[in-house]
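Visitor: Chains C, B and G, in that order, give the protein sequences. Read in order, the letters of the first sequence correspond to residues 1 to 277 in the numbering used here. Read in order, the letters of the second sequence correspond to residues 1 to 358 in the numbering used here. Read in order, the letters of the third sequence correspond to residues 1 to 296 in the numbering used here.
Keep in mind the hints are simulated off the structure, nothing from the lab. Hints may contain errors.
Among chain C residues calculated to face chain G with C-beta under 7 angstroms, some are [to be verified]:
hint	residue
1	5
2	6
3	7
4	14
5	15
6	17
7	28
8	116
9	118
10	207
11	265
Within a straight-line C-alpha distance of at most 25 angstroms, the following computed DMTMM-like cross-link-like pairs (lysine to aspartate or glutamate) qualify [said to hold, decoys possible]:
hint	chain 1	residue 1	chain 2	residue 2
12	B	53	C	64
13	G	142	B	331
14	C	58	B	87
15	C	169	B	61
16	B	199	B	223
17	C	215	C	233
18	B	53	B	172
19	B	229	B	293
20	B	142	C	130
21	C	50	B	223
22	C	215	B	49
23	C	169	C	144
24	C	105	B	87
25	C	22	B	331
26	B	291	B	243
27	B	199	C	144
28	C	264	C	227
29	B	53	C	144
30	B	229	G	218
31	B	138	B	87
Keep in mind the model is a prediction, meaning the values are calculated, not measured. We put the CB at the ideal spot given by N, CA and C, even for glycine.
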Amino acid sequence: MSGRPKRLNHPKSVYVVGLVFKIITLTVIIAVLYHLTLSHHGPNLLTPLKTKIEEKQKSEIMEEVQHLEELEVHRHFHNIAPFPEMPENLRPVCFICHSDYPHSKSKKVRAMLNMHTQFFTCEACHLEEDPGLKVVFNWYNPQDENPKGPFFGTDYDSETGNLITVTDKLSKISVFYKKGDKLESTIQMQDAPIAIDYMKIRDKLTPDQRDNVKKKFHVRIKPKGHECKKCHDRNSILDFRKLSFSDNRRVDLEQLNITGMITKYEMFYLPNLFQGE
Amino acid sequence: MKHINHVRITLYFSLLFFVAVAAFATSAYAADKENCLMCHKYRFLGRIDEHGKKRNYNVDENIFNNTVHRNVPCRDCHTQIANLPHDPITEEVNCGNECHIKPPFSTENFSHKKIIQIYNKSVHGIKADDPEDLKAAKPYCKYCHLNPIFTKVEEERVASSTLRRCLNCHEEKGVSQAYKHITHRLRHKTSRSRQEIVKLCSYNCHENTALMARFNVSQESLESVETYKRSIHGKAVALGSEETADCVSCHATSSIHDVYKKDEMMSTVNERNLKRTCEQCHRDVSDEFIKIDVHSGITHDEKPFLHFLEVMLGFVLYGTIFSLLGLAVLETIGRKKDGIKWQIREGTTWRGISKRGF
Amino acid sequence: MATSSETLVTTAGNAQADSDYMHYVEGVGHVPRDIYKHVLSDPLGDLPRYSIHIVIQHFLIFITFITLAATGLPLHFGDLFWAPIILAPLGGPDSARIIHRISAGIMIVAALYHFITIAIGTYSKLKKHKFNLLHSQIPTLKDLNDIKHDIRYFLGKEQYRPKMGKFMYKQKLHYLAIIWGTFVMIVAGSTLLFPEAMAKFWPNPEFAQDLARLMHADEAIMASAVVVFWHWSNVHLVPGRFPLQWTFLTGRITREHQIEEHFLEYIDKLKDDPKEKEYLISVLKEKGYKTEGGEV
Numbered sequence: 001m002s003g004r005p006k007r008l009n010h011p012k013s014v015y016v017v018g019l020v021f022k023i024i025t026l027t028v029i030i031a032v033l034y035h036l037t038l039s040h041h042g043p044n045l046l047t048p049l050k051t052k053i054e055e056k057q058k059s060e061i062m063e064e065v066q067h068l069e070e071l072e073v074h075r076h077f078h079n080i081a082p083f084p085e086m087p088e089n090l091r092p093v094c095f096i097c098h099s100d101y102p103h104s105k106s107k108k109v110r111a112m113l114n115m116h117t118q119f120f121t122c123e124a125c126h127l128e129e130d131p132g133l134k135v136v137f138n139w140y141n142p143q144d145e146n147p148k149g150p151f152f153g154t155d156y157d158s159e160t161g162n163l164i165t166v167t168d169k170l171s172k173i174s175v176f177y178k179k180g181d182k183l184e185s186t187i188q189m190q191d192a193p194i195a196i197d198y199m200k201i202r203d204k205l206t207p208d209q210r211d212n213v214k215k216k217f218h219v220r221i222k223p224k225g226h227e228c229k230k231c232h233d234r235n236s237i238l239d240f241r242k243l244s245f246s247d248n249r250r251v252d253l254e255q256l257n258i259t260g261m262i263t264k265y266e267m268f269y270l271p272n273l274f275q276g277e
Numbered sequence: 001m002k003h004i005n006h007v008r009i010t011l012y013f014s015l016l017f018f019v020a021v022a023a024f025a026t027s028a029y030a031a032d033k034e035n036c037l038m039c040h041k042y043r044f045l046g047r048i049d050e051h052g053k054k055r056n057y058n059v060d061e062n063i064f065n066n067t068v069h070r071n072v073p074c075r076d077c078h079t080q081i082a083n084l085p086h087d088p089i090t091e092e093v094n095c096g097n098e099c100h101i102k103p104p105f106s107t108e109n110f111s112h113k114k115i116i117q118i119y120n121k122s123v124h125g126i127k128a129d130d131p132e133d134l135k136a137a138k139p140y141c142k143y144c145h146l147n148p149i150f151t152k153v154e155e156e157r158v159a160s161s162t163l164r165r166c167l168n169c170h171e172e173k174g175v176s177q178a179y180k181h182i183t184h185r186l187r188h189k190t191s192r193s194r195q196e197i198v199k200l201c202s203y204n205c206h207e208n209t210a211l212m213a214r215f216n217v218s219q220e221s222l223e224s225v226e227t228y229k230r231s232i233h234g235k236a237v238a239l240g241s242e243e244t245a246d247c248v249s250c251h252a253t254s255s256i257h258d259v260y261k262k263d264e265m266m267s268t269v270n271e272r273n274l275k276r277t278c279e280q281c282h283r284d285v286s287d288e289f290i291k292i293d294v295h296s297g298i299t300h301d302e303k304p305f306l307h308f309l310e311v312m313l314g315f316v317l318y319g320t321i322f323s324l325l326g327l328a329v330l331e332t333i334g335r336k337k338d339g340i341k342w343q344i345r346e347g348t349t350w351r352g353i354s355k356r357g358f
Numbered sequence: 001m002a003t004s005s006e007t008l009v010t011t012a013g014n015a016q017a018d019s020d021y022m023h024y025v026e027g028v029g030h031v032p033r034d035i036y037k038h039v040l041s042d043p044l045g046d047l048p049r050y051s052i053h054i055v056i057q058h059f060l061i062f063i064t065f066i067t068l069a070a071t072g073l074p075l076h077f078g079d080l081f082w083a084p085i086i087l088a089p090l091g092g093p094d095s096a097r098i099i100h101r102i103s104a105g106i107m108i109v110a111a112l113y114h115f116i117t118i119a120i121g122t123y124s125k126l127k128k129h130k131f132n133l134l135h136s137q138i139p140t141l142k143d144l145n146d147i148k149h150d151i152r153y154f155l156g157k158e159q160y161r162p163k164m165g166k167f168m169y170k171q172k173l174h175y176l177a178i179i180w181g182t183f184v185m186i187v188a189g190s191t192l193l194f195p196e197a198m199a200k201f202w203p204n205p206e207f208a209q210d211l212a213r214l215m216h217a218d219e220a221i222m223a224s225a226v227v228v229f230w231h232w233s234n235v236h237l238v239p240g241r242f243p244l245q246w247t248f249l250t251g252r253i254t255r256e257h258q259i260e261e262h263f264l265e266y267i268d269k270l271k272d273d274p275k276e277k278e279y280l281i282s283v284l285k286e287k288g289y290k291t292e293g294g295e296v
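With the hints as extra help, turn the sequences into a complete structure.
Guide: Here it is, written out as structure tokens:
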């Protein structure tokens, strides 16, 4: 009890306890400071500064766009399925100006045309083909040099009868030039020298100059894409078998016209299309 | 002639289609006999219109098959569509339509008419003498109800042995559909979670005080989201409680859509009905109990004494913390100067030399 | 220990005449106020401070306090990001509420246990005429002087710390705060927990409920802040106490701590403790002080 004590130092293990106490104290100090400055539970000492910064970054256009997107969810009513997005820099140059809904001129068919952007690159329809070269259609994915599939829309699910669910949702059918054994992509990527250069100086150009440059991107692009029957036909320019479509699926795509679908489009809607696009 | 031709071609196609997919004819096609999904199953079927509004017309077939409307043919709701391919549609769907679904034990076609009638009478229903911007701001069916996906309720609540008995007479598919249909609505008052209900009522509507102020609502109503979130009901629900009251628990009966202003007789939060409303959860509800403020906001005008107390307690709190902390710091500095070290070593903490100069 | 012997001689020389500095104890001699700088201490504690009852009560309060704070504060600050993180291992808000109530029950039992211990202890001491104000939590005017004296010492204007009893001013303040806090928490808490019954009890149920909501939360935040910034800092983190004071587990206090902050208690108990007397004489002798008796 008195005299010389049993031990003169703390057991080492209690330093852990001390450390825990210290950490908790420090955390609570931070919490108190937050409470005093920014938390809406406290006296909000720094909130005016925060709102000032936020107001500077506020954009009315941004707010409206977001509001419209919310309204669209309600208008749509049916659940909008989540869909993966290709990273911005891996998209072709077209996406510098155009979106996934590029067709807008002809009211009657624009939605129908936009539907095709899910599984076609722009060039697949809009390429001004070089008459001296042989074109080949193949699946294309900038993230995967040799995509194997299964690809979207190539088969039916035998259980549900719906289209098969696939993991690779970003591969699209694109058009290539055949040069010997090799396939040469016709797509202008954003890392092409002209695209990089354009992005660099875009804001410095006058409006006229900008229009000039934009035309450069459209040199090999024709404004009107293929007609429906070029693909939806027994003599389709797409080799559905080679593109790994199942027989059921191929027959359905080739024979869409049996419903009169395409015939009717051509009768009622496509005349506009020819003038419009 | 043309019309007949169209019908015949449609029939022919349907036949061909069903032959082609005979092996996998399932519910997807029950509702979509006219094959609307032929086009609408694609993700980017849509457009950006002249006013910069994006419209997407995609209906995901796999999701749709799991929604409450999965058996309703498309054109039962989208009645304006007469032929295929169709012109752009400008008219909204009317949820009061009758559809070609006969509920079990009923000879009438199904319709949402009844609930719409209740709803139209409630505070949220559009009245003839409402100003235009109020009409625009009032929620409509689709504002709250997106085509709901069946949520399965915990299995333990329905004994699987009971379900097995159903199979004595009914098909398994029918039983599982009926099970989903009923349990989806069994969670509590609504099929939505309490958190979803609170978000639904507050987000963009009741918490938007600038919007609500335009419609001459009471001060109490203006602050209702704020005060709810500060109440124990709101706090517990925000943290995921399944036992605490959400908005609908108190403000509607089991018809859910009959929300009225507090001073209307029909209101569940009207003084005459309050006892019954609280009794849904609280036992021994007395006349005194219902006086307790549920949406309690402590403001200077309404509760001056409590407001004063709140402010004073804040000062006391920070005064205490900082003066005590200051004393501790002062003490530490003073004792350090006198030669104390942080830790006890070799039996003493006074290993330093005092610099106090006495 | 030998390091500061030189300073001691000089200070001893100056203060020999100062009766405030030297405290006479029969059978030991004059004990200098700052002898705590030279005694040997066992970190686990040398001298008894708390009975086993107090240690158990403290432990119960310690555990329930942390549980109550961990289940209550996240509920109050439910909209902040850390709230669900703390509640998740406790099973979410619904089970946290149950845990909160059980802990509160245990805490009330511990408080009653403490009250009974103190009541019986005080009664028996009064009966034996052994009650000593120096060993009690009752605040006196001396405590005010002690605060003044101590602050002057911290500022370097006073040479030595005040001579204090078993409970110094900090501890008395804290003890009173705990009594008040526990009372407020129990009353406000039961108003919140039994709104139906308490609505009949309070004259103005609406006001009572609002007040209870305000006070329960405010008192909880106050108590947590004081425990973290004051109690823990003073007991475990300040110099001489880090990393841990073992008193709350062993019920014993280190010698140097008792002499420093509870000098009068030490002197008082020294009278009946021959072993400790013997030890103190040996220390005084080693430092060159005159001593009475003690043949070491």
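Visitor: So if I understand the rule, the pair passes when the alpha-carbon distance is 25 angstroms or less; does residue 50 (chain C) with residue 223 (chain B) pass?
Guide: holds (23 angstroms)
Visitor: Regarding the pair residue 138 (chain B) and residue 87 (chain B), is the alpha-carbon distance no greater than 25 angstroms?
Guide: violated (29 angstroms)
Visitor: Let me know if the C-beta of residue 7 (chain C) comes in closer than 7 angstroms to any C-beta of chain G, holds or violated.
Guide: holds (6 angstroms)
Visitor: Using Cβ atoms only, decide whether residue 116 (chain C) comes closer than 7 angstroms to chain G, and label the hint accordingly.
Guide: violated (44 angstroms)
Visitor: Regarding the hint that residue 5 (chain C) lies at the interface with chain G, is the smallest CB-CB distance below 7 angstroms?
Guide: This hint holds: residue 5 (chain C) lies near chain G, its Cβ roughly 3 angstroms from the closest one there, short of 7 angstroms.
Visitor: May I ask you to test the interface hint for residue 6 (chain C) with respect to chain G, counting a Cβ-Cβ separation under 7 angstroms as satisfied?
Guide: At 6 angstroms from the nearest chain G Cβ, residue 6 (chain C) passes the 7 angstroms test, so the hint holds.
Visitor: Is residue 169 (chain C) close enough to residue 144 (chain C), meaning Cα to Cα at most 25 angstroms?
Guide: holds (12 angstroms)
Visitor: Given the hint that residue 229 (chain B) pairs with residue 218 (chain G), test it: the Cα-Cα distance must not exceed 25 angstroms.
Guide: Cα-Cα ~17 angstroms, so holds.
Visitor: Need the status of pair residue 58 (chain C), residue 87 (chain B): alpha-carbon distance at most 25 angstroms?
Guide: violated (39 angstroms)
Visitor: Does residue 169 (chain C) pair with residue 61 (chain B) here, judged by a C-alpha cut-off of 25 angstroms?
Guide: holds (16 angstroms)
Visitor: With a cut-off of 25 angstroms on the C-alpha distance, tell me whether residue 291 (chain B) and residue 243 (chain B) pass.
Guide: Distance ~22 angstroms between residue 291 (chain B) and residue 243 (chain B) Cα, so the pair holds.
Visitor: Does the interface hint hold: is residue 265 (chain C) within less than 7 angstroms of chain G, judged Cβ to Cβ?
Guide: Hint on residue 265 (chain C): violated, closest Cβ of chain G at ~54 angstroms, above 7 angstroms.
When each numbered hint is compared with the structure, violations occur for hints 8, 9, 10, 11, 14, 17, 18, 20, 27, 29 and 31.
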